[in-house]
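**Q** Chains as they are written, first to last, in this note's numbering: chain A, 1 to 305; chain B, 1 to 303; chain C, 1 to 332.
Simulated from the structure, these hints should not be mistaken for lab results.
Accuracy of the hints is not assured; some may be wrong.
Below, in silico cross-link-like pairs of lysine to aspartate or glutamate (EDC-like), each with a Cα-Cα straight-line distance of 16 angstroms or less [what the hints assert, rightly or not]:
id	chain 1	residue 1	chain 2	residue 2
1	C	Lys146	C	Glu172
2	C	Lys82	C	Glu67
3	C	Lys81	A	Glu214
4	C	Lys60	A	Asp124
5	C	Lys8	C	Glu67
6	C	Lys86	A	Glu214
7	C	Lys8	C	Asp70
8	C	Lys129	C	Glu145
9	C	Lys86	C	Glu172
10	C	Lys82	A	Asp124
11	C	Lys129	C	Asp149
12	C	Lys60	A	Asp263
Selected chain A positions facing chain B (in silico; Cβ < 7 angstroms) [stated by the list, open to error]:
id	residue
13	Val15
14	Gly138
15	Gln139
16	Met141
17	Pro142
18	Phe144
19	Leu148
20	Val152
21	Ala155
22	Val156
23	Gly243
24	Ile246
25	Val247
26	Ile280
27	Tyr284
28	Ile285
Backbone N, C-alpha and C define an ideal beta-carbon position, used for all residues, glycine too.
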Amino acid sequence: MLVFIFRRLLVAFSVAITVSIVSFMLLHFSGDLAVSIAGPDSTAEQVEQIRIDFGLDKPVVFQYFDWVWSALQGDFGRSYYFQDSVMSLITERMPVTLTLGAVSLALATVVAIPLGVIAAIKQDTWVDRLALTIACVGQAMPSFWFALTLIVIFAVNLHWLPAGGSSTWQHFVLPAIALGYYATPAMMRLTRTGMLEVLGSDYIRTARSKGLSETSVIFKHALRNAVIPVVALAAVELGFMLGGSIVIESVFSLKGLGQLAWDAISRNDYPVVQAVVLIIAVFYIVLTLLADVLNAMLDPRLRVR
Amino acid sequence: MSESTLSLNAATSGLPVVPEWRRIMNRVVGHRGLLLGSSILGVIVVLALLAPWIAPHDPFAQNISQRMIPPVWHDKGTWDHIFGTDKLGRDYLSRLLYGARISLSIGLLAALISGLIGTTLGVLAGYFGGRVDAVISYIITTRLALPVLLVALAMASLVGGGSVETVVVLLGLLLWDRFAVVARSTTQQLREAEFIASAKVIGASTSYILIRELLPNILSALIVVMTLEMAHAILLEATLSFLGLGVQAPMPSWGLMISEGKSYMFFKPWVIAIPGITLMLLVLAINLVGDGLRDMNAPEGRN
Amino acid sequence: MNRILDIKNLQVSLPTANGVLRAVRGIDLHVDKGEMLCIVGESGCGKSMTSMALMGLLPKRAEVTAEVLDFDGLDLLSLPKKERNKIRGMRMSMIFQEPMTSLNPSYTLGNQLCEAIMRHKGVSSAEAKERAVYLLTRAGVPMPEKRLDQYPHQLSGGLRQRVMIAMALMCEPDLIIADEPTTALDVTIQAQILRLIRELQQEFGTAVIFITHDLGVVARIADRVAVMYAGQVVETATAQELYSNPMHPYTRGLLNCIPIPGKTAPGSHLESIPGVVPSLIGELKGCAFANRCHVSTSECSQRTPSLELEPNSTSLHQVRCPITATTLQEAM
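Next comes chain A alone, as it looks inside the complex:
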């Protein structure tokens, strides 16, 4: 088990390094950063001055190592626009996004797993069809549009919840629904297919042959096995949600990491962009690692290895 975790950690770490290289390169090759920072009205001299000030005149490889070296020490440089250290901006914004992500995932899980279980038990009945239809429609709905629709219905027309901001817990309800719905269809479908597969398995027949109650068969014997892949998916979906929070946060003006990234992108504040991309990627890597470990803990066949 320890060897397993250690090996996965090693892979995770090298993937993180690669991601940092890739994101660094992508941004550097997408355009001339000095020109972008200086803005459209600047003279050639101003652009050159910026190039020197920000060290953009050095070879890209040197720039990268400079950046990584500082990043490893927790220093992502200074934001051009916010005139603050990137690290303090991120630590300030992180809690909002993490709260949003956690609540969204909780919401998605609470809806998706029971719905998937019911759909599987009532396979091919109207309940199943309804659940599948909801999943299909949900998967097709653009999240920004769903977010706007929620605002129109619940904030504007019904006045139940605030439309934007992040001061109270009520401010998180609509964003969490908007973000959480994104993961729901996939998790529901996986729960459903997992349950269907498990319910048709030999050991469920054994459990039934022992005269156990239907509740025990479904919740003790089936769900435990069906839910294992869903846990892994949930972790991965949380990673996606952190990435997708950029849309939701900008629609609901939540002052989180996504909003920060969005402000930074629209102002070519590239140290911030780079740092946020890396941090979200690292989150994703850690979450997939966590998913593997969780899987191993839930599935005794993996645990012993």
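Assemble chains B and C onto chain A, guided by the hints.
**A** The following block gives chains B and C in isolation, referenced to the frame of chain A:
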């Protein structure tokens, strides 16, 4: 087996002999999702193709005196503008029709580019295995760790914001992961198959084996991925355009239409409802087709 | 009455995409207390369907009917679900074909062994464990105490099947249905498991319905045999009677398929039954075996034979073939 038992079996099984194409047709028609999805998709594609001829107005023609006319089912709606007009007095229906062309072409082209990249990587990894596989799997893992939307937005912004071409290339470069994963696993399954082995025995070149023998056999799985990625690309295009870094005004991208209608949505919700529902219908239709095709590919299908 | 199970005209049908599959087409069987009844037949003859119907484990869409389905005085078909659950597991239990997949991978063996007895008999966890250890020992599982905390994947197939046997005995059932319990195992282990089932059956006095496709297995353990073909019982007799005096052409065909050590010369031609089992979708006209039978006449595919008592035998010997009966009578 003797001839008599053969005939007896056919008689006792009581199954009428149905030609293959009829069985396939029956399955397609019998699969409600596939039927619904392909019908909706078909209608949208036809409307998009015919847009220049059937659009009631020029999608770019502004008319200040006709701003924000509500759709026809509304009290103040008119038949002249069935879906109403936007803040610049442009006909919503015409813009939707032209917008379908943008969504469909971006979806299709981005999926083709990512399909090319992903399939190449996946087939190579699956066929050669070993070190090649390790390297490509690592590339796939890295790609998965990159937040697509964030990277796409950052790159779009640096490139100087979008034309249809930029969006296509950006999405094509970012969405190949699922192609690679599926191509890799299906290739692995087929690598040891007899027809591959016999091609090797007769001395066929590796590229011949990969392109002429292997590819046709994994194509059906790839087409399913293609539909899903097309839907994905369409949604991402809409998101990018909504955030102002995708297709630029005055192009009638659906995402852009929602973005432009955002400030009016409190009192005139239809300005975001109409393009949003259209977008959802298109993506839903493509997903249904994809799911249906996957069910068709499955050995037993669905009954 | 010494009977634990009495079945009259049991029918099972399943709707499929191609029509209604009539898997079991009117079976008459009975099992005495403490008896080992073997049901023999090819795959797809309905023997597994019969056992699933007895256990009440068929999917909901399956339709089960019977004139009599009596388990120790209880009508299984009309029993409410709760009572049925109680009988299944407590008074009837089952051993399955696939030991590798029949145990839940997520729970310890102790948990899976004990849950039924704790539920049905309300015994404490300690008592249940004690019984589990005792039965594991009896089933020949080494280090039984340690096994309780192990997971199925840590055991070999043979050991898992021993665990399944112990599990089936946990509640001291009156009837155990063993559905091809040795088929998935290695040949050497097959023999051990077979002997174990026979030993435990005699020791605990449990009635066993042993389902198999292998007449060689039957010879070693059965008290009585029922041969099934195309959803029907075609011949039933005591094991001894069946082997010494097989009546139905199908039974004879099956027996000819088995090489007998010492009798069958090495390299000699082994008999096989020509043709394939008819499809069980829809009605069958006439004798189901007629198309593969070497003594069949044109009448066989017209009239459906019934299961008749063989008048010349001393024990209860029933055959579903008028020709064999008459030819034998004529021969006398």
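**Q** For which of the previously enumerated hints does the structure constitute a violation, in increasing order of number?
**A** Hints 1, 2, 10, 12, 14 and 21 are the ones this structure does not satisfy, whereas the remaining hints hold.
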